[in-house]
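As they're listed, the protein sequences go chains A and B. According to this note's numbering, the stretch in the first sequence is residues 4 to 381, in order. According to this note's numbering, the stretch in the second sequence is residues -15 to 380, in order.
I should point out that these hints are in silico values taken from the structure, not numbers from a laboratory. Cβ atoms here follow ideal geometry from the backbone N, Cα and C, with glycine treated the same way. Possibly wrong hints are sitting among the right ones.
If we take Cβ atoms under 10 Å as the criterion, some of the chain B residues that face chain A in the derived model are [as the list claims (entries may be wrong)]:
#1 Ile62
#2 His65
#3 Gln66
#4 Val69
#5 Ala73
#6 Val251
#7 Leu253
#8 Thr254
#9 Asn255
#10 Val275
#11 Thr287
#12 Glu314
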Amino acid sequence: MDFSLNEEQEMFRGSVRKYLDGGGQTKIAREMAKNNTNLLTKTWKGLAQLGCMGITVKEEYGGAELTTVDQVPVLEELGRALLPGLYLETVAFAAPMIEKFGTTEQKEKYLPGIADGSRTISLAWLEPGKCFNLNDIQMTAKFDGDSMILNGSKTLVPEGNLADTYLVLVRSESETDGKGISFVLVDRNDDGVDYRVLQAMDETRHLTEVNFKNVIVSNSRILGELHRGEDAIEEGLLYLNAALTSIMVGGMDKIVEMCAEYAKIRVQFGQPIGRFQAIKHRIADMKLDLETARSLSYYAVWALDEKAEDAAVAVNSARAFITEAYLRLAGHGIQIHGGIGVTEEIDCHLYLKRAQYYQTYLGNSRLYREKAATALNW
Amino acid sequence: MDFSFTKKEEEYRRTLRIWLEENLPEGWIEGKRDLPENEEEQAQFLRDWQKKMNDGGWVAIAWPEKYGGQSASVIEEIIYHQEMVRAGAPHLINYIGIHMVGPTLMDIGTEEQREKFIPKILNAEEVWCQGYSEPNAGSDLSALKTSAVKQGDKWIINGQKVWTSYGHLADRCFLLARTSNLEKKHKGITVFLVDMKQPGVEVRPIIQMNGKHDFNEVYFNDAVAYDEEIVGEIDEGWKVMINLMLHERTGIGAQIFTLEKQFSDLVLLTNELKENGQPLIKDPFTRQKMVELYTRCRGVLLTYYRNITTSMKRGYPGAESSMDKLMSSELTKDLFEFAVSIQGHQGVLWKEDALANPFWQLDYLSSFGVTIGGGTSEVQRNTIGERLLGLPKDLR
Chain A
4 MDFSLNEEQE MFRGSVRKYL DGGGQTKIAR EMAKNNTNLL TKTWKGLAQL
54 GCMGITVKEE YGGAELTTVD QVPVLEELGR ALLPGLYLET VAFAAPMIEK
104 FGTTEQKEKY LPGIADGSRT ISLAWLEPGK CFNLNDIQMT AKFDGDSMIL
154 NGSKTLVPEG NLADTYLVLV RSESETDGKG ISFVLVDRND DGVDYRVLQA
204 MDETRHLTEV NFKNVIVSNS RILGELHRGE DAIEEGLLYL NAALTSIMVG
254 GMDKIVEMCA EYAKIRVQFG QPIGRFQAIK HRIADMKLDL ETARSLSYYA
304 VWALDEKAED AAVAVNSARA FITEAYLRLA GHGIQIHGGI GVTEEIDCHL
354 YLKRAQYYQT YLGNSRLYRE KAATALNW
Chain B
-15 MDFSFTKKEE EYRRTLRIWL EENLPEGWIE GKRDLPENEE EQAQFLRDWQ
35 KKMNDGGWVA IAWPEKYGGQ SASVIEEIIY HQEMVRAGAP HLINYIGIHM
85 VGPTLMDIGT EEQREKFIPK ILNAEEVWCQ GYSEPNAGSD LSALKTSAVK
135 QGDKWIINGQ KVWTSYGHLA DRCFLLARTS NLEKKHKGIT VFLVDMKQPG
185 VEVRPIIQMN GKHDFNEVYF NDAVAYDEEI VGEIDEGWKV MINLMLHERT
235 GIGAQIFTLE KQFSDLVLLT NELKENGQPL IKDPFTRQKM VELYTRCRGV
285 LLTYYRNITT SMKRGYPGAE SSMDKLMSSE LTKDLFEFAV SIQGHQGVLW
335 KEDALANPFW QLDYLSSFGV TIGGGTSEVQ RNTIGERLLG LPKDLR
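With the hints as constraints, model all of the structure from the sequences given.
Encoded structure:
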C-alpha cells in the first residue's frame, strides 16, 4: 500500500505550478473576466508543450498513455490557479469517452488534436429552462439518410466561444424514460451553429448559450451507440466528476494556504490573528476538510483506473462531499481575510464564485449522494 | 498510488483470521459477545483472553521479537486491527501497558525495568494505568501538582489524579509527578512506575453518564516509589512524554476501524427500522444523511492511510495524527447522534426498553467523551494549526 503520488507525478506537478505561477496564476482567469482570451490561449499552448493534454491518450494518437492518476497533479494545479478553459471537458471527459466509445475514424480525427492541444471540446448538455435530467433533453436529431438535422438550444456550455467542437446531447428517439439520447460531435464552425456568451457570476468563465438551427452533420459524428447515450453518459460522468474533484481540491489547497499565510502576517490587538483560536481553529477545520477531500479524490481516481468495484460509489460520494467542502472553505476564506476578503482586488471571491459554479455543474450534491446510495445497493 | 495489499500481507491476514476462529471465546464467532456483567469477573475474563492472545503471539505485534513481539510492519498492524474489529474480538485489557508503557521502557527504560515489567505486560499479569490528568491539569499537563519528594532511598508521593482509565483494575501506574518547582513549568516533572496495590493508593470510581465505569480518581497519600522505578532522568519527564506520544498512533487506527464497523452496523439498523412499512434506508432524507456519513467514514480511513504513507516515507510519525484523532472522534459523535435520532421518539428509551440494540444509546452517550479523552478536539486543532500550518502558538 502506498497512498501518495509518486516522485515523477510530484515533479510534474512542480513544473506545471512553476509554469502557471510564471503566467501570473489567477491573472489568466482575471483576463477572461475582461473578455481577453489571449492569455488563456497562450497558457493552453504552454501547458500542451509541457505534455499536459495527452497524458491518458494512447501513444498511437500522440499521447503518453499513462493513467488517470497521472493527470491528478495537473488538475489540482489548474484548480489552484482557477484556470478557465476546457481541460476538464476536453482532456478529462471527451478524450476517455472518444477512446472508449469512438470509431477508428473519430479517434483519428479528434484524439491527436486533443493530445497536442490544438483541439478543444466543450460539453453541450443542459437546455435553457430545463433540468439536469435526461428526460429534459429536447434538442432534436432528425435522420435523413447518412446525415442528421439538429435543432435546439444548449445553455451553460463552458467556454462555448472558444471550443472547436461541442459534444452535444440530443434526443434521437422520442422515448422519455431517460432513453433515446445520443452524443453528437458538432464543430463550432458547422453551418447553423451560433453562440452568445452569458453573464455568469463566475466572470472568469465564459458560459455560453449555443443555438443549433438546421445544422446538418453526418451520422458518423455520433459517438457511441445510437439512442443509447445514457449508458455512456454514466461512465463519462464518472471520469468528469473524478477529475472535477481534483480541480476542486487544488482550489481548496490554495484557499487554505492563502488563509494560513494571511493569519501569520495580519496583526490585530498586537498579535498575528493566527494566534487567536477563533481563527486558528477555523483554519484547522479547513485543513481537515481539505485533506479529507484530497483523500476521497485520490481514491476515486485510483478506483476508476483500477476499475474497482466501488468506483461509482467513490466518485459520486467524493463529488458530493467536495463540492460542498469547497464552497464552505471559500466562504471561510473570505471571513478570515476580513474586510479585504470581500473586495474585488483580493482573490478570495474568485474561489467563492468558482466553487458556486461547481456546486451545480451537471448535477447537485443531492443527486450525487443519491447515485452513491444506489451504487451501495441501499 | 496503490491501495492493495501484497500476497504476503494477505497471508498474514489469513493466519490471524484462522487463529481467531480457533481461539475466540465460546459463542463469540456466532455473535454472542457479552462480557461478564460483574466487574471482577469481567476483568478476569479479559486477563485470560489477553493471556491466550499472548500465548499465540498476538498481543504486541509491533514490538521487536526479542521483547515478545513480531516486529510487525505498519501495514501488518493495519491488518491486525482490521481483523480484530472484524471478529469483534474482546479488547486487550492492558492497552496502556502495550501501547505506552512497553514501548517507552524499550526506548528509555533500564535493562532491569524491561526485564521486570515487559513480560508481565504481555501476559496481563500486571495491568497498567496512566496517571496524567489532575483536577486542575487536564489538557495543560504542565500545571500538575502531584508531588514526589525524596526521603532517603524512597520517594513519597502525594496528590490526586483523575480520569484514570483501568485505575480500578491496575497493578501499576505510569505516573507523572512534580519533583521540582524551581524550574519552568514543564520542567521538574518525573515519570514513576508506581505500585498501585500499596497502602497510600486509593482508587474511587467515576461513573459516567451512561452508567459505565471506565474512569477513576486516584489518591496518593504518602505512597512510595523507589529510584529504580523512575523512567528517564529526574525532572525530565517531559522528554519521556514526548517519546511516548509518538507511540500513540496505533490506537487511532483501532478507533478508525471500529468506526467502519459501527457504520456498517448503522446500515443494518436503517434496514431494520421501518417507516410506513418501508425500511428507513429507502427514505430520501435518511439516504442523504447516510451517504454523508459514509463519505466521512471513508474520508477518515483514507486520510489515515495517507498519513501512514507520509510517516513511513519520512521515517517517523508526525502531527498528522492529530487530524486522524480530530476527524474520527468528531465523526463518532455525529454517527451515534444520527443512530439515535432515526429511532424517533423511541430513541429516548434504553437498556431493556430500547427499540434496537441498546448499545446505540449507551455508545451515543459515551461518544461525548471521545472528543475529550486523549486530547480534546480544541487541543488537536491547536496542533494542526501550529504544527501543520505553521500558525503562531497560543499565548501561554
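Quiz item: Taking the closest Cβ pair, is B:Glu314 under 10 Å from chain A?
Solution: Holds, because the Cβ-Cβ distance from B:Glu314 to chain A comes to roughly 9 Å (cut-off 10 Å).
Practice problem: Tell me if B:Val251 is really an interface residue toward chain A, meaning its C-beta lies closer than 10 Å to one of theirs. | Solution: holds (7 Å)
Quiz item: Once the shortest beta carbon distance from B:Ala73 to chain A is found, is it less than 10 Å?
Solution: violated (23 Å)
Quiz item: Against chain A, with CB atoms and a cut of 10 Å, does the hint on B:Thr254 hold up?
Solution: holds (8 Å)
Practice problem: Using Cβ atoms only, decide whether B:Val69 comes closer than 10 Å to chain A, and label the hint accordingly. | Solution: violated (18 Å)
Quiz item: Hey, does the B:Ile62 contact hint survive, CB to chain A under 10 Å?
Solution: Interface hint status for B:Ile62: holds (8 Å vs cutoff 10 Å).
Quiz item: Should the hint that B:Leu253 touches chain A count as held when the rule is a Cβ pair under 10 Å?
Solution: violated (13 Å)
Quiz item: Under the criterion of a CB-CB separation shorter than 10 Å, is B:Thr287 in contact with chain A as hinted?
Solution: Holds - the Cβ of B:Thr287 comes within 10 Å of chain A, reaching about 4 Å at its closest.
Quiz item: Is the interface hint for B:Asn255 satisfied, with its Cβ closer than 10 Å to some Cβ of chain A?
Solution: holds (8 Å)
Quiz prompt | When the least beta-carbon distance from B:His65 to chain A is tested against 10 Å, hint result | solution = violated (14 Å)
Quiz item: Does the nearest C-beta of chain A fall within a distance shorter than 10 Å of the C-beta of B:Val275?
Solution: holds (4 Å)
Quiz prompt | Cut-off 10 Å, beta-carbon criterion: hint that B:Gln66 touches chain A | solution = violated (12 Å)
When the structure is compared with the earlier hints, violations turn up for hints 2, 3, 4, 5, 7 and for no others.
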